[in-house]
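Asks: Spelled out from the first residue to the last, the chains are:
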Amino acid sequence: MFTGKQSKFETMVRAYSAELYRYAYWMCRDRFLAEDLVQDTFTRAWQAWDGLRDDKAARSWLYTILRNERARLFERKRLEIDEAQELDDLIDASSAGPHEDLEMRQLLSALPVGYREPLVLQVLGGHSCAEIARIMDISEGAVMTRLTRARLALRKLPGIAATRKAKSV
Amino acid sequence: MNCFEFRKLLLADPRARTSGQDRHLAECPACANVAREMENLEARVHDAMRVPVPEALAERVLLRQKTRVPALRVWALAASLVAAIGAGAYFYRTAGNTEEPMLVAATLGQNHPAVAAIAYVVDHEPQLLREGRSGDPAVMRSALVKLGLKLPANGVTVRYLGKCPVPSGTGEHIVLQTALGQVTLILVPNHPLGPRVTVMDRQMTALASPARLGGYILVADSLDHVRRIEKMLM
Ligand SMILES: [Zn+2]
Numbered sequence: 001m002f003t004g005k006q007s008k009f010e011t012m013v014r015a016y017s018a019e020l021y022r023y024a025y026w027m028c029r030d031r032f033l034a035e036d037l038v039q040d041t042f043t044r045a046w047q048a049w050d051g052l053r054d055d056k057a058a059r060s061w062l063y064t065i066l067r068n069e070r071a072r073l074f075e076r077k078r079l080e081i082d083e084a085q086e087l088d089d090l091i092d093a094s095s096a097g098p099h100e101d102l103e104m105r106q107l108l109s110a111l112p113v114g115y116r117e118p119l120v121l122q123v124l125g126g127h128s129c130a131e132i133a134r135i136m137d138i139s140e141g142a143v144m145t146r147l148t149r150a151r152l153a154l155r156k157l158p159g160i161a162a163t164r165k166a167k168s169v
Numbered sequence: 001m002n003c004f005e006f007r008k009l010l011l012a013d014p015r016a017r018t019s020g021q022d023r024h025l026a027e028c029p030a031c032a033n034v035a036r037e038m039e040n041l042e043a044r045v046h047d048a049m050r051v052p053v054p055e056a057l058a059e060r061v062l063l064r065q066k067t068r069v070p071a072l073r074v075w076a077l078a079a080s081l082v083a084a085i086g087a088g089a090y091f092y093r094t095a096g097n098t099e100e101p102m103l104v105a106a107t108l109g110q111n112h113p114a115v116a117a118i119a120y121v122v123d124h125e126p127q128l129l130r131e132g133r134s135g136d137p138a139v140m141r142s143a144l145v146k147l148g149l150k151l152p153a154n155g156v157t158v159r160y161l162g163k164c165p166v167p168s169g170t171g172e173h174i175v176l177q178t179a180l181g182q183v184t185l186i187l188v189p190n191h192p193l194g195p196r197v198t199v200m201d202r203q204m205t206a207l208a209s210p211a212r213l214g215g216y217i218l219v220a221d222s223l224d225h226v227r228r229i230e231k232m233l234m
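In order, the protein sequences belong to chains E and U.
Going by our numbering, the residue at position 104 of the first sequence is 104; the numbering climbs one at a time, nothing skipped.
Going by our numbering, the residue at position 22 of the second sequence is 22; the numbering climbs one at a time, nothing skipped.
Derived from the structure by calculation, the hints contain no laboratory data.
Heads up, a few of these hints could be off.
Derived EDC-like pairs: lysine to aspartate or glutamate, alpha-carbon spacing no greater than 16 Å straight-line [as the list claims (entries may be wrong)]:
hint: 1; chain 1: E; residue 1: Lys-156; chain 2: U; residue 2: Glu-55
hint: 2; chain 1: E; residue 1: Lys-156; chain 2: U; residue 2: Glu-42
hint: 3; chain 1: E; residue 1: Lys-56; chain 2: E; residue 2: Glu-131
Simulated coverage check for chain E against chain U, where a stretch passes if three residues somewhere in it have a Cβ under 8 Å from a Cβ of chain U [stated by the list, open to error]:
hint: 4; region: 25 to 38
hint: 5; region: 55 to 69
hint: 6; region: 135 to 142
Just a few of them, taken from the derived set where beta-carbon distance is under 10 Å, the chain U residues facing chain E [said to hold, decoys possible]:
hint: 7; residue: Cys-3
hint: 8; residue: Leu-41
hint: 9; residue: His-46
hint: 10; residue: Asp-47
hint: 11; residue: Met-49
hint: 12; residue: Leu-62
hint: 13; residue: Arg-64
hint: 14; residue: Arg-141
hint: 15; residue: Thr-157
hint: 16; residue: Arg-159
hint: 17; residue: Gly-162
Note that the Cβ used here is the ideal one computed from N, Cα and C, for glycine as well.
All chains, please: the whole structure from these sequences, using the hints.
Replies: Laid out in structure tokens, this is it:
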């Protein structure tokens, strides 16, 4: 019985630690903190293993654990209004005056985390909007709005805008 | 399906294509253009998100699970170590004007918060600065208040705001641009940081000091700068 649990756990660690690390990284943008979060996530998963009934649910379960671990660590209460404002400010600030192309990683870093998170879950994790809604504990409509706004912002930001102009010439 | 509906779905989930979208795409060159542009954007976003994963990450996770070693953050050892050193009344200050002994890293060991802070600044900060600002100004302000510190109204700008590992879990990692150059301030609210100590390592100077409800660490290029910045924050 124990070895069954052990080998399943090992399989899960090998299958998901890399993608969880990237998710964690884009949540906190600190490589060391990201690894800590992955470690903590699997520690919790091991402890709560018996509560896991469905193997197929394991993956999004891990994402949820990681998300909770991070929330515990940051104790940050986000105000969605502030992040929407932050996103607007970002677009305003970057569309004023001349500037060089920013690297995509910097652009992503500049997105408020409430917008970056669903984007990472979708683009990198391949999660559906419904799954993202469950992981983030918000409505599916809110997920779609955030994804739309995040993409519109990335599209308007200098690095992308420059590429677009160059292409259309 | 009209253009608005098409683009709304496209922006929310470019990879999911309904048959309605396919039909619209076939008859609307403008939306076909947008779809190509989004495909390009999507590929770039995807590539950028694939940051390198640390080597042997899975092995480290499994090792910890097998050995049942509790979570040990980078500086977790430091708290007990400082307590041990602090037993000899070696570093404490009186009225803030006594000359503090300047220690070398070897005396304290690599796990001491002040030494670890220098390593963090030298090894990781440049990368963090390249990646840009991340933290919540409100969290920083509340941490400053808890420690009885304040940022001066003029002459200091925040270049970076983030989290870093400290004995109690995470601290507020702040990089300040000042007239004296770049300075790092690490705030550790709600957790005693041990006795006050200054240490020099890797051509940087760090000062770790207890404060009201926790402690703070300052890292700069010289002892003089560390002290002058500290006065500005008081
Ligand atoms: Zn159209």
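Asks: Taking the hints in turn, state whether each one holds.
Replies: Taking the hints in turn, this is what the structure says about them:
Between the alpha carbons of Lys-156/E and Glu-55/U the distance comes to roughly 35 Å, so the proposed pair goes past 16 Å and is violated. The hinted pair formed by Lys-156/E and Glu-42/U meets the criterion: a straight-line CA distance of about 14 Å does not exceed 16 Å. A hinted pair counts as satisfied when its Cα atoms are at most 16 Å apart, and Lys-56/E with Glu-131/E qualifies at roughly 13 Å. With a cut-off of 8 Å between beta carbons, the region 25 to 38 of chain E has 11 residues touching chain U; three or more are needed, and the interface restraint holds.
Requiring three or more residues with a Cβ within less than 8 Å of a Cβ of chain U, the coverage given for the region 55 to 69 of chain E is violated, as only 0 such residues are present. Coverage of a stretch by a chain is defined here by at least three residues with a beta carbon nearer than 8 Å to that chain's beta carbons; for the region 135 to 142 of chain E and chain U the count is 0, and the condition is violated. This hint is violated: Cys-3/U has a C-beta 15 Å from the nearest C-beta of chain E, more than the 10 Å allowed. Taking 10 Å as the C-beta contact cut-off toward chain E, the hint placing Leu-41/U at the interface holds, the least distance being around 6 Å.
Of the supplied interface hints, the one on His-46/U holds, with its beta-carbon coming within about 5 Å of a beta-carbon of chain E, less than 10 Å. A least Cβ separation of about 7 Å between Asp-47/U and chain E falls short of the 10 Å threshold, and the interface hint therefore holds. Interface hint status for Met-49/U: upheld, as the beta-carbon distance to the closest one in chain E is roughly 5 Å, under 10 Å. The interface hint given for Leu-62/U is met, as the beta carbon of that residue sits about 6 Å from the closest beta carbon of chain E, less than 10 Å.
Taking 10 Å as the C-beta cut-off, the interface hint given for Arg-64/U holds, the closest approach to chain E being about 6 Å. Using the Cβ-Cβ criterion of 10 Å, the hint placing Arg-141/U at the interface with chain E is not satisfied: the shortest such distance is roughly 13 Å. At about 15 Å, the closest approach between the beta carbon of Thr-157/U and any beta carbon in chain E exceeds 10 Å, and the interface hint on this residue is violated. A least Cβ separation of about 14 Å between Arg-159/U and chain E goes past the 10 Å threshold, and the interface hint is therefore violated.
Given the 10 Å rule on beta carbons, the hint for Gly-162/U holds: about 6 Å separates it from the nearest Cβ of chain E.
Against the hints set out earlier in the document, violations occur for numbers 1, 5, 6, 7, 14, 15, 16.
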